[in-house]
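Visitor: These protein sequence lines map, in sequence, to chains P and H.
Take the first sequence: its letters are residues 1 to 265, numbered as in our numbering.
Take the second sequence: its letters are residues 1 to 150, numbered as in our numbering.
Each hint should be verified, as a subset may be incorrect.
[Unchecked claim] Residues from chain P that keep clear of chain H, each with C-beta distances beyond 10 Å, as calculated:
1) Pro-96
2) Pro-111
3) Thr-249
[Stated by the list, open to error] Simulated DEER-style distance windows between Cβ atoms:
4) H:Ala-114 x P:Ser-210: 22 to 32 Å
5) P:Thr-77 x H:Ala-19: 35 to 45 Å
6) H:Ala-19 x P:Asp-185: 53 to 63 Å
7) H:Phe-66 x P:Ala-262: 50 to 60 Å
8) H:Ala-16 x P:Thr-249: 29 to 39 Å
[Unchecked claim] Taking lysine to any residue pairs in the SDA-like style, the calculated list, with each CA pair at most 25 Å apart, reads:
9) P:Lys-99 x H:Leu-113
10) P:Lys-133 x P:Gln-146
11) P:Lys-99 x H:Thr-37
12) P:Lys-97 x H:Leu-113
13) P:Lys-72 x H:Cys-36
14) P:Lys-133 x H:Ile-100
15) P:Lys-133 x H:Thr-38
16) P:Lys-97 x H:Thr-37
17) P:Lys-97 x H:Glu-42
18) P:Lys-97 x P:Ala-205
Just so you know, these hints were derived from the structure itself, not from any lab.
Model, not experiment: these values are computed from the prediction.
Each residue gets a CB set at the ideal place from its N, CA and C atoms; glycine is no exception.
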Amino acid sequence: MIASTLEMVPSMSRFFHGRNLLYVGVGSAAAVIAVVLILVSVIGSSSAETTGSVPVTTTTGSGSSTPAAHPKAPGATATAALFRGIPQQLNQLGNPKAKVTMIEFADPQCPYCRQYELDTLPAIVREYVRTGKVKLIYFGIPIIGQNSEAGLRAVYAAGLQNRLWNFSHLLYRSQGAENSGWITDDLLRRIGDSIPGFDTARMMADRQSSDVENALAASAQQATNGRVDRTPTFFAGPTGGTLQQVPLTALTAAAFRPTLDALVK
Amino acid sequence: MRDRHLRAAIALVALAGAAAAAYLVYARYTHTQIACTTGGCETVQHSKYAKIAGVPVAVLGLAAYFAILATALSARVEAAALGAAIALGGLAFAIYLIVIQVAVIDAICQWCLASDAILAVLAVLTVERLRRLAGNPHESSGAARMATRG
């Protein structure tokens, strides 16, 4: 009946016109769905960079204030490039199945840790981590003062998003004088906002989480087990085996190479 | 392949997609570590791109798969059109998220890629179903109604 009705429709072109219209409608609906989702995602991700932030205000003569955007933390681009493509899992950097493991005990306020981080770590990452030979594990211990713990909480909270190494590196790049109170919420937010794709608001909230408490406790326990009383201190050895303290005469890449080269052979 | 075969295939593939999305939703809300060989699943799932207007993308994916599944239960051409629109729109958004994973987050989520592949298959199946129904209205009373109206 329907078929015969169709045969009686005088213009088949009208039918094909209707079909084409259907395709156009479906394509348009799909485009609207995609555009709306992408727009909301883009707007949401860019506003996430600011909603979690304390607005920097500039007071004008009339007493009104306007929010200013956070500038990127120093070294944001170089830091992203340093760790780009290298797997991170909580406090671990590099291939989880790497032959060799090197542990670093560090304090975000420690100037020698900063020296190692900026001068030596890039070479170690390039020669040993990026090549899959060595994986690095970070243990933060608050040796210098209370401000160290504020930094470590943020560093470990960044680890919950697998960006501990980016965050710690950027924090060292902004390091101030010991116990001067330089690790502020504003600095932590600025660093978070400088890491691509990073959820800064979540990091700020996670600082007081049980995961971060457990990470701090585990680091302290590891430091006690290794009799670590200064930072930076390094241990290296076969992955899954016994790690020995790395004998260092300087915080240069050359000082690490004999130990690491012997282990990766 | 008859329409009912295509509908069965769409329903099965949508169920597979829903299973992958449901796993990510479960992991998110139970704080379970995601089984991941790429090492990037947690990073992607915890990034600021993992939510749309406060709703986890995995939840949106789950809803989309169930919606496509629902369209496969109906023989109407309107249902086929809706299924194709959701699958194509979802696929375009999935491609955007792949670009974000590679270019911005610097991490790959294998579960997301699996879901994207399923969405691509669904897009092909739903478009093929729509093409057949629109081209052969005898298979669907809805299509026939549209054609006679057209």
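Visitor: Against this structure, judge whether each hint is valid.
Guide: Evaluated hints:
Non-interface status of Pro-96 (chain P) relative to chain H is broken: a Cβ of that chain comes within 10 Å, the nearest being about 7 Å off. The beta carbon of Pro-111 (chain P) is kept farther than 10 Å from every beta carbon of chain H, the shortest such distance being approximately 29 Å. Separation of Thr-249 (chain P) from chain H is adequate, the least Cβ-Cβ distance of about 35 Å exceeding the 10 Å criterion. A C-beta distance of roughly 31 Å is found between Ala-114 (chain H) and Ser-210 (chain P), which places it inside the suggested range of 22 to 32 Å.
Hint check: Thr-77 (chain P) to Ala-19 (chain H), Cβ distance near 40 Å, so the stated range 35 to 45 Å holds. Distance hint for Ala-19 (chain H) and Asp-185 (chain P): a CB-CB separation of about 41 Å, inconsistent with the stated range 53 to 63 Å. For the pair Phe-66 (chain H) and Ala-262 (chain P), the supplied restraint of 50 to 60 Å holds, since their beta-carbon distance comes to about 57 Å. Hint check: Ala-16 (chain H) to Thr-249 (chain P), Cβ distance near 58 Å, so the stated range 29 to 39 Å is violated.
In summary, the hint linking Lys-99 (chain P) to Leu-113 (chain H) is not supported, as the alpha carbons are separated by about 29 Å, beyond the 25 Å threshold. In summary, the hint linking Lys-133 (chain P) to Gln-146 (chain P) is not supported, as the alpha carbons are separated by about 36 Å, beyond the 25 Å threshold. Between Lys-99 (chain P) and Thr-37 (chain H) the alpha-carbon distance is near 18 Å, which keeps this suggested pair within the 25 Å criterion. Proposed proximity of Lys-97 (chain P) and Leu-113 (chain H) is supported: the alpha carbons are some 23 Å apart, at most 25 Å.
At roughly 31 Å between alpha-carbon atoms, Lys-72 (chain P) and Cys-36 (chain H) are farther apart than 25 Å, so this suggested pair is violated. For a cut-off of 25 Å, the pair hint linking Lys-133 (chain P) to Ile-100 (chain H) is broken: about 29 Å separates their Cα positions. Straight-line distance between C-alpha atoms of Lys-133 (chain P) and Thr-38 (chain H) comes to about 18 Å, which keeps the hinted pair within the 25 Å bound. For the suggested pair Lys-97 (chain P) and Thr-37 (chain H), the alpha carbons sit about 12 Å apart, so the restraint of at most 25 Å is met.
Our distance criterion of 25 Å between C-alpha atoms is met by Lys-97 (chain P) and Glu-42 (chain H), whose separation comes to about 18 Å. Distance restraint check for Lys-97 (chain P) and Ala-205 (chain P): the Cα-Cα separation of roughly 32 Å exceeds the 25 Å cut-off, and the hinted pair is therefore not satisfied.
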